[in-house]
Amino acid sequence: MLVVVYHSALPMWDCQSLKMKVYRVSTSCVEFERDVVVPIRPNSILKWFGFSEEGMLVCQDSLEAVRCYSWSLNEWRVFYSLEGTRDSLFIQHIEGMDIYGFRLEQRENVKQQPMVLPRSIPRKIPMVWP
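Under our numbering, the sequence shown has 48 at position 48, and the numbering climbs by one with no breaks.
Treat each hint with caution, since some may be false.
[Claimed, not checked] Here are the simulated distance ranges between beta carbons:
1. R41 <-> V3: 16 to 22 Å
2. R77 <-> S28: 31 to 37 Å
3. K21 <-> R77: 34 to 40 Å
Read the hints as simulated data drawn from the structure, not as lab findings. Note that the structure is predicted; figures quoted are calculated from it, not measured. Ideal placement from N, C-alpha and C gives every residue a C-beta, glycine not left out.
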């Protein structure tokens, strides 16, 4: 499977218009499957987009909302949110409905990032259902 995320229109009122094209790829051909809107909150940008270990599509915006795409319902559902906090979430991978990565608490006027050396160990982050 190949997924391409792109801007479908110019941003208006600080809202980005993102879509994804999904292709099924085999050794003999590439087939277009569907074109779907990728939702992100107003005044945010797409921070992370990827697949879970099981192949589920997942996106995260810069306001720390994580969404999963339901193939059967053809819609995105929020399954993790840090709305109302100043914390940041850095995803390493997703397995089932568990997020592994880093959740950093933000101090006033200090932008934190995960440590590079010594290498930080990702941990399972408890789910916060919005």
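For each hint, the structure was consulted:
1. Here the CB-CB span from R41 to V3 is close to 21 Å, well matched to the stated 16 to 22 Å.
2. Here the CB-CB span from R77 to S28 is close to 34 Å, well matched to the stated 31 to 37 Å.
3. Here the CB-CB span from K21 to R77 is close to 20 Å, at odds with the stated 34 to 40 Å.
Checked against the numbered hints above, the structure violates only hint 3.
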